[in-house]
Amino acid sequence: MLFRLVEKTLNYARKKSPWFLHLDTGGCNGCSIELFAVLNPRYDIERFGGLSKANPRHTDILLIDGAVTKKIRPRLERIYQQTPEPKVVVAVGSCAISKGIFHDAYNIDGPLDKIMPVDVYIPGCPPKPEAILQGVIKALQLWEEKHE
Amino acid sequence: MIESLVRVLVYPGVGFIVFFSFLYSGIFRKISARMQHRIGPPIWQPFFDILKLLGKEDIKPEQAKIGYTFWPFVAMISIITAGLLTPIAGVVPLGNSDIVVLIYFLVFGSLCLYLSGFSSSNPFAVIGSVRGIIQMIGYEFPFVVSVAVAALASGRLLLFPAAVNMYQISNGWLCLSFPFAAAAFFVSVLAKVEIPPFHIPEAHQEIVSGYYTEYTGKKLAMILIAHMVKLFVLIALGIALFFGGSLDILTFIAKGLVLVFVVSFFRVILARFRIDHALKFCWVFGFVGMIDLFRVLLGF
Amino acid sequence: MSDSFRKKITGLAEIYKTHGNAVFAKIDKKDFLKTMEKTAELTERISSISGHDNGKTIELVYTFTSEKLVLNIKVEIDRKKPKIESVTKLFPGAGVFERENFEMLGVVFSGNKNLKKILLGKKSPKTPLRKNIKEGE
Amino acid sequence: MKEKDVRKCYILPVGPQHPMYVEAENLMVHVDGETIVNVDVNIGYMHRGIEELMQRRNYIQNIYLAERICGICSGIHTVTYCQCIENLIGLEIPERAKYIRTIILELERLHSHFLFFGVMAYEMGLDTVFMYTWKDREAVLDILEMISGNRVNYGMSAVGGVRRDVPENRIPEMIKKLDYLEKRGQYYAKVFYSDKLIRKRSVGLGLLPKKLVDKYSIVGPVARASGVKTDVRKDIPYLVYDKIDWNVIVREEGDVLARIMVKIYEVFESIKILKACLKALPGLEKTLKVKAPFVIETNEAVSVTEAPRGELFYYAVSNGTDKPERLRIRTPSFVNIANSLGILLKGQQLADLPIIVASIDPCFSCCDRVTLIDVKSGERKTVDEAYLKRLEERK
Chain A
1 MLFRLVEKTL NYARKKSPWF LHLDTGGCNG CSIELFAVLN PRYDIERFGG
51 LSKANPRHTD ILLIDGAVTK KIRPRLERIY QQTPEPKVVV AVGSCAISKG
101 IFHDAYNIDG PLDKIMPVDV YIPGCPPKPE AILQGVIKAL QLWEEKHE
Chain B
1 MIESLVRVLV YPGVGFIVFF SFLYSGIFRK ISARMQHRIG PPIWQPFFDI
51 LKLLGKEDIK PEQAKIGYTF WPFVAMISII TAGLLTPIAG VVPLGNSDIV
101 VLIYFLVFGS LCLYLSGFSS SNPFAVIGSV RGIIQMIGYE FPFVVSVAVA
151 ALASGRLLLF PAAVNMYQIS NGWLCLSFPF AAAAFFVSVL AKVEIPPFHI
201 PEAHQEIVSG YYTEYTGKKL AMILIAHMVK LFVLIALGIA LFFGGSLDIL
251 TFIAKGLVLV FVVSFFRVIL ARFRIDHALK FCWVFGFVGM IDLFRVLLGF
Chain C
1 MSDSFRKKIT GLAEIYKTHG NAVFAKIDKK DFLKTMEKTA ELTERISSIS
51 GHDNGKTIEL VYTFTSEKLV LNIKVEIDRK KPKIESVTKL FPGAGVFERE
101 NFEMLGVVFS GNKNLKKILL GKKSPKTPLR KNIKEGE
Chain D
1 MKEKDVRKCY ILPVGPQHPM YVEAENLMVH VDGETIVNVD VNIGYMHRGI
51 EELMQRRNYI QNIYLAERIC GICSGIHTVT YCQCIENLIG LEIPERAKYI
101 RTIILELERL HSHFLFFGVM AYEMGLDTVF MYTWKDREAV LDILEMISGN
151 RVNYGMSAVG GVRRDVPENR IPEMIKKLDY LEKRGQYYAK VFYSDKLIRK
201 RSVGLGLLPK KLVDKYSIVG PVARASGVKT DVRKDIPYLV YDKIDWNVIV
251 REEGDVLARI MVKIYEVFES IKILKACLKA LPGLEKTLKV KAPFVIETNE
301 AVSVTEAPRG ELFYYAVSNG TDKPERLRIR TPSFVNIANS LGILLKGQQL
351 ADLPIIVASI DPCFSCCDRV TLIDVKSGER KTVDEAYLKR LEERK
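Protein chains in written order, with this note's numbering: chain A, 1 to 148; chain B, 1 to 300; chain C, 1 to 137; chain D, 1 to 395.
Next up, chain A with everything else stripped away, as it sits in the complex:
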């Protein structure tokens, strides 16, 4: 019984403080500036406790946008391994979901879910900051059910 209680509080805390890391893997940085705009006063993500961390060691949510180029793929895989376990991967923008407009480029290595398991997809080219916020919140709810 006590273990259930600890698990419930940990889950609740995990939902309340999502530290995220943003990595652009070869898109047109339209999604990156919209992801940066999520920090500014109009769409502030810090009211949900979110902090933009630069370090894969400290993050829980990986916000990855852009169709993965061949050159950044090894780095992407290493960053995925470096993030500690209870983590959620969010693919932002249509490039990350389906290689988008660069589907037949010779230097693109395929959508994100070919490289790592993706939990939440946020469509849009680029998705508006409200859509990104909604995606992050959905990722948190999904996180709670996953560990229920």
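Keep in mind that the hints were calculated from the coordinates and are not lab data. Glycine included, C-beta positions come from ideal geometry on N, C-alpha and C. No incorrect hints appear here.
Below, in silico cross-link-like pairs of lysine-lysine (DSSO-like), each with a Cα-Cα straight-line distance of 27 Å or less: (1) C/Lys56 / C/Lys131; (2) A/Lys128 / A/Lys15; (3) B/Lys30 / A/Lys128; (4) D/Lys98 / C/Lys17; (5) C/Lys74 / D/Lys215; (6) D/Lys215 / C/Lys38; (7) C/Lys113 / D/Lys210; (8) C/Lys113 / D/Lys215; (9) D/Lys98 / C/Lys68; (10) D/Lys215 / C/Lys7; (11) C/Lys38 / C/Lys74; (12) B/Lys30 / A/Lys53; (13) C/Lys26 / D/Lys215; (14) D/Lys98 / D/Lys176; (15) C/Lys68 / D/Lys210; (16) D/Lys215 / C/Lys83; (17) D/Lys215 / C/Lys30; (18) D/Lys323 / C/Lys74; (19) C/Lys17 / D/Lys291; (20) D/Lys229 / C/Lys38; (21) D/Lys229 / C/Lys68; (22) D/Lys135 / A/Lys53; (23) B/Lys280 / D/Lys196; (24) C/Lys89 / D/Lys229; (25) A/Lys138 / D/Lys135; (26) C/Lys17 / D/Lys323; (27) D/Lys346 / B/Lys280; (28) B/Lys280 / D/Lys200; (29) D/Lys211 / C/Lys34; (30) C/Lys7 / C/Lys17; (31) D/Lys323 / C/Lys26; (32) D/Lys234 / C/Lys17.
Now the stretches of chain D that chain B is said to cover, found in silico as 3 or more residues with beta-carbon under 8 Å: (33) 123–132; (34) 197–208.
Here are the in silico distance ranges between beta carbons for each label pair: (35) D/Lys243 / C/Ser4: 25 to 35 Å; (36) B/Phe108 / D/Asp179: 56 to 66 Å; (37) C/Ser110 / D/Lys183: 53 to 63 Å; (38) A/Glu130 / B/Phe108: 40 to 50 Å.
With chain A's structure known, arrange chains B, C and D on it following the hints.
Then chains B, C and D, alone, in the frame of chain A:
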């Protein structure tokens, strides 16, 4: 026996210190967010952060040296004991204490934090720790000068913080009679807790997260707790030494909130120093504090 | 500036097309360096080297932009072993474009010290902009 | 610090994933203590091979591809591409379409400059100005949303003109927002110029001497901050820039602060142009978009414009089909990053590295090429791959 145990463990002791340091750091983040036109996180956000970190997986890089898991724990413990030695609302949890022991624990705590950076042998952590130690050389000088001024001003050579507390209650705030020493103290507090403009060791723009780059899970939680408690301890010390002491708990919390507001004001308006600017700035304020030291010695 | 350029290159190149501010001039390979020295006297800023493989030969267009003139000098080089002198001594900024064309089309610029290929990862195709990369060239 | 002492210095891999950049870029910084000895810029992470893609799409599809080369300057890429195709055909677009295109380009310059101020302040550790500037940038994005319905990738211009019209009834609202932005611009000019801490972190840092600007063909505000008066809108006027009176901002110092101040005063110029364009919008004659042929016979054309970061250059060759034979894109950031970083960073402090790199406003998706910069010294220490790999493993 139980009464002193409660005093150490619960009321002005560990429980109270840790709870209020989380609360102060939450208010600190909320106020600075508010000043940036943002809504900012709820005040009890640090509780969630630390709880979440406890539930995270612990990763230990294989290049890490022996002290990797040891130093953060020592840092947290030494800073909490420093907290136990400061007079909170007139009561010193561990009985009467000498200021030198308090300074020792604070310095040892910060040193352990930087040693944990060295032991994680990550290039960014090493550079972050080197910067931390350089900055430590900078802010120790004004800190010790201002504490000496407070000691001599209260008329006793061997300083007991509780005694200074009483002295201030009887005849007025020390910071009014010795403004330079108070300014030096405040600058050293900013530098000690690495609040902008002194957040150089963990400047995440240049060196990813400074000395705690490699830490995750419980060890990172310990480091963050050490940070928050350090802020609370220095605020409590500031109240006891310069800002008019406090007898009952309400004035203590009120003055603490005012100090947190002033500190977060500095966080919002100042950009980051480079390490050599920070060193020069601290030493200038050290000499400013010396003026007050001479005034106290010569007795006018 | 365009008429001072015309005076300079009367014998060497002939201008075959102008639209708006742009002037296109064609030169052949042997007096390529002389024309480059002449243009170096007019402007030190090279804007781009555009390589293009049209199946028969590789065309390199050297572009210089300045007051009211976009000057494009086209030179054609052989497709099998593309080789041309480097202009980095006259225009240091051109080293960047030469490296790019070396990567994309395999054009060797003799005289460019660090002609290295960093663009593509290890697994990307060798010279993607050449016409028929299937030929295994 | 001669080259052979490089052996004992520390290799610090900065990037490709780093809080400093919006995108991925890897700097191998040779550090001796805190001073930078040498920098190897190694980009290429953003390279998607757009030029090769453009040869496999027809002229209309390429507009959407040109727009997604760089999210910050998507408008200028579409306008330059459409101008290049119009030069191929020899097409003249309606007068009102020219004004609307200029409005979109200047609005984009505004939001790109405000983005730059925010990133610049963020690098200096001043989060508040980052929050303020990005809050004001939302005002520009609101105007863009009023016109094109989109914050990024507006999809406004097409070959032969513009696809949507500026809503006449909302122009007073736009002018009110522009006045608000002008007031904020004055505030930021005061903040960046007079704040002691910012001056301490930017005056005399990352100096770019004037004689090197043309030699290394460095373009845009970075060149103008070092005293070279180059602005494509004045040198080779296109659209309606010659009909409106505005002046080019040039400063002499060539350090980080000069680059910031050039961009701040360019914000005022852009607002002046925008107001003039909004007032002088000509009436709608027949159409906003002239009909363009689908197949273009063999021809070649060039188009040069002024992107927020410098001179953008397109070169197109057509071959009688509906797909371009060759389309060469030379973006301003490609030259600025490749050539200027080596000069600016040598001998600086490590703590100033993000500030100097951010001061040339790198846009790495623009620069989808990569080069190793190593401008002067040919040889230097060769570090074996395993050593670097081990270093990065621990990161």
